[in-house]
Amino acid sequence: RSQPIEIGIELPDEQSAQKVKIGIYFATWWALNVVFNIYNKKVLNAFPYPWLTSTLSLACGSLMMLVSWVTRLADAPKTDLDFWKTLFPVAVAHTIGHVAATVSMSKVAVSFTHIIKSGEPAFSVLVSRLFLGDTFPLPVYLSLLPIIGGCALAAVTELNFNMIGFMGAMISNLAFVFRNIFSKKGMKGKSVSGMNYYACLSMMSLLIVTPFAIAVEGPQI
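Residue 54 in full-length UniProt numbering sits at position 54 of the sequence shown; the count goes up by one each step and never skips.
Keep in mind that the hints were calculated from the coordinates and are not lab data.
Keep in mind it's a predicted model, so treat the numbers as computed, not measured.
Backbone N, C-alpha and C define an ideal beta-carbon position, used for all residues, glycine too.
Keep in mind that the hints are not guaranteed to be accurate.
Unchecked claim - Distance ranges between label pairs, derived from CB positions:
| hint | residue 1 | residue 2 | range |
| --- | --- | --- | --- |
| 1 | Thr-135 | Ser-68 | 39 to 45 Å |
| 2 | Val-156 | Thr-79 | 45 to 51 Å |
| 3 | Ala-31 | Gly-150 | 19 to 25 Å |
| 4 | Ser-68 | Asn-160 | 37 to 43 Å |
| 5 | Ala-31 | Ala-74 | 20 to 26 Å |
| 6 | Gly-133 | Ile-214 | 36 to 42 Å |
| 7 | Leu-81 | Val-156 | 48 to 54 Å |
| 8 | Met-64 | Leu-132 | 31 to 37 Å |
| 9 | Ala-76 | Gly-218 | 30 to 36 Å |
Sequences are here, hints too, so could you generate the full structure?
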């Protein structure tokens with residue numbers, strides 16, 4: 001007697017549940033990001049050393065992941081030398097973006113930093129066009145106009161404008177765009193992904209930034 005063939009078709013209820021699940025993920029990410037930024041600003045007010053604060057942030061994240069691997073809460077990634085060599089330029093861009101954003105938040109309000117950082121899509125399109133030769137349809141370019149206009153308006157109307165804070169946010173935008181490009185091109189096909197990939201990225205960034213943080217701000221403490 002022939003057996004019925006199962007066809008993997010998602011039912012409407014399953015599709016709705018998946019959308020709700022994704023929505024919860026986005027809401028959780030947004031809420032945690034808000035909390036992180038608020039506490040990051042509080043730390044910078046009490047400990048005005050953005051380079052060292054960036055280093056400690058990466059160190060805490062790296063330590064948490066190491067503990068999770070040792071205790072088997074998460075499976076440790078299987079990596080080789082080629083993986084770390086490919087990850088290096090991604091980590092350099094990540095380090096620059098992370099430190100620049102923290103420097104920006106140490107000089108201006110968190111809200112201003114993130115308004116400027118909202119211009120990252122414009123940087124992404126510009127870099128992709130100039131360095132990768134990518135082209136985009138006209139609606140994409142038009143959609144960037146309100147973003148650029150909003151960032152410009154925020155900059156000229158900011159009462160406590162600070163050039164270092166502004167440039168830090170701009171450099172962070174550019175660095176994170178290159179990070180995404182390096183990651184997309186270099187890490188394609190690599191077995192490490194998701195949380196473990198970000199953990200490895202944080203660990204390498206920690207190794208990169210630590211000597212610079214000590215050299216820049218160590219003598220000031």
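Results of checking the hints against the structure:
Take Thr-135 and Ser-68: their Cβ atoms lie about 42 Å apart, and the range 39 to 45 Å holds. Distance hint check: the CB atoms of Val-156 and Thr-79 are about 47 Å apart, consistent with the given range 45 to 51 Å. Distance hint check for Ala-31 and Gly-150: the Cβ-Cβ separation is about 23 Å, which falls inside the suggested range of 19 to 25 Å. Ser-68 and Asn-160 have their C-beta atoms about 40 Å apart, which keeps the hinted 37 to 43 Å range intact.
At roughly 22 Å, the beta carbons of Ala-31 and Ala-74 sit within the given window of 20 to 26 Å. Evaluation of the 36 to 42 Å hint for Gly-133 and Ile-214 yields a pass: the beta carbon distance comes to about 40 Å. Here the CB-CB span from Leu-81 to Val-156 is close to 49 Å, well matched to the stated 48 to 54 Å. Between Met-64 and Leu-132 the beta carbon distance is about 35 Å. The supplied range of 31 to 37 Å therefore holds.
For Ala-76 paired with Gly-218, a C-beta distance near 32 Å keeps the hint of 30 to 36 Å intact.
Going down the numbered hints, you'll see the structure goes against none, and every one checks out.
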